[in-house]
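Visitor: The primary structure of each chain is shown beneath.
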Amino acid sequence: ETGVTQSPTHLIKTRGQQVTLRCSSQSGHNTVSWYQQALGQGPQFIFQYYREEENGRGNFPPRFSGLQFPNYSSELNVNALELDDSALYLCASSLLQGANTDTQYFGPGTRLTVL
Amino acid sequence: RKEVEQDPGPFNVPEGATVAFNCTYSNSASQSFFWYRQDCRKEPKLLMSVYSSGNEDGRFTAQLNRASQYISLLIRDSKLSDSATYLCVVKGGGATNKLIFGTGTLLAVQP
Chain Z
1 ETGVTQSPTH
11 LIKTRGQQVT
21 LRCSSQSGHN
31 TVSWYQQALG
41 QGPQFIFQYY
51 REEENGRGNF
61 PPRFSGLQFP
71 NYSSELNVNA
81 LELDDSALYL
91 CASSLLQGAN
101 TDTQYFGPGT
111 RLTVL
Chain C
1 RKEVEQDPGP
11 FNVPEGATVA
21 FNCTYSNSAS
31 QSFFWYRQDC
41 RKEPKLLMSV
51 YSSGNEDGRF
61 TAQLNRASQY
71 ISLLIRDSKL
81 SDSATYLCVV
91 KGGGATNKLI
101 FGTGTLLAVQ
111 P
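For the protein sequence lines, the chains are Z and C, in the order given.
Residue 18 in the numbering used here sits at position 18 of the first sequence, with consecutive numbering throughout.
Residue 48 in the numbering used here sits at position 48 of the second sequence, with consecutive numbering throughout.
Just so you know, these hints were derived from the structure itself, not from any lab.
Among the clues, some could well be false.
To be verified - Ranges of calculated distance between the beta carbons of each label pair, as one might list FRET restraints:
(1) G16(C) to L83(Z): 17 to 25 Å
(2) L83(Z) to S53(C): 40 to 48 Å
(3) P70(Z) to L74(C): 25 to 33 Å
(4) S28(C) to T103(Z): 18 to 26 Å
(5) Q69(C) to R15(Z): 38 to 46 Å
(6) E1(Z) to P8(C): 40 to 48 Å
(7) S53(C) to L67(Z): 38 to 46 Å
(8) L95(Z) to N65(C): 44 to 52 Å
(9) R1(C) to L115(Z): 44 to 52 Å
Claimed, not checked - Which stretches of chain C does chain Z cover? Using the computed rule of at least three CB atoms under 8 Å from a CB of chain Z, they are:
(10) 42-56
(11) 101-109
Since this is a predicted model, take the numbers as computed values, not measurements.
For each residue, glycine too, the CB sits at the ideal point set by N, CA and C.
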């Protein structure tokens with residue numbers, strides 16, 4: 001096991017609602033990245049957090065936002081949910097040293113269904 | 001054009017077969033390359049990193065051709081337990097070091 005945990009494991013919401021997903025990183029890691037994986041697709045990078053600040057963002061609208069806490073755990077918030085937000089949301093923790101991160105280890109994911 | 005392109009498969013092969021997956025990437029500035037394995041409804045797990053010199057881990061061999069921007073994975077003597085989706089992954093440069101995934105290639109090893 002990677003030591004990366006996510007909660008909840010499954011979630012059902014309706015359009016327009018808001019959701020918060022949580023991730024606890026592996027011990028010793030300082031960076032959390034979030035990915036969205038739609039059915040039949042590879043994961044797509046949403047954003048990365050390092051030392052409690054956003055450290056890069058993919059092509060996702062502002063209604064996708066996040067936080068990182070002093071213990072390096074992280075939250076992903078999605079406002080005004082749309083049907084297309086239904087996906088597996090993965091977080092990955094890693095150690096950023098200098099300009100490079102080492103291997104990213106993925107949590108088990110949260111499966112979000114928007115009705 | 002997608003940043004990382006893979007044949008989605010599925011590849012249906014008998015046990016003991018040798019199977020090869022290929023992948024191309026568009027950004028010549030990409031720095032690091034990986035193959036991840038993803039079982040059904042599970043998270044991706046790192047299978048192996050890919051180097052220009054080629055690297056081997058048991059029955060698995062990965063190769064990188066920077067000039068052609070091409071990555072490959074060879075699996076010899078396929079086992080039933082190799083059935084999974086294999087994701088080609090490229091890590092871009094810059095402070096973010098985000099991972100860019102292909103759509104994955106589904107492998108089904110048949111008894």
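Visitor: Broken hints, numbered, in rising order?
Guide: Violated hints (numbers, rising): 1, 3, 6, 8, 9; every other hint is consistent with the structure.
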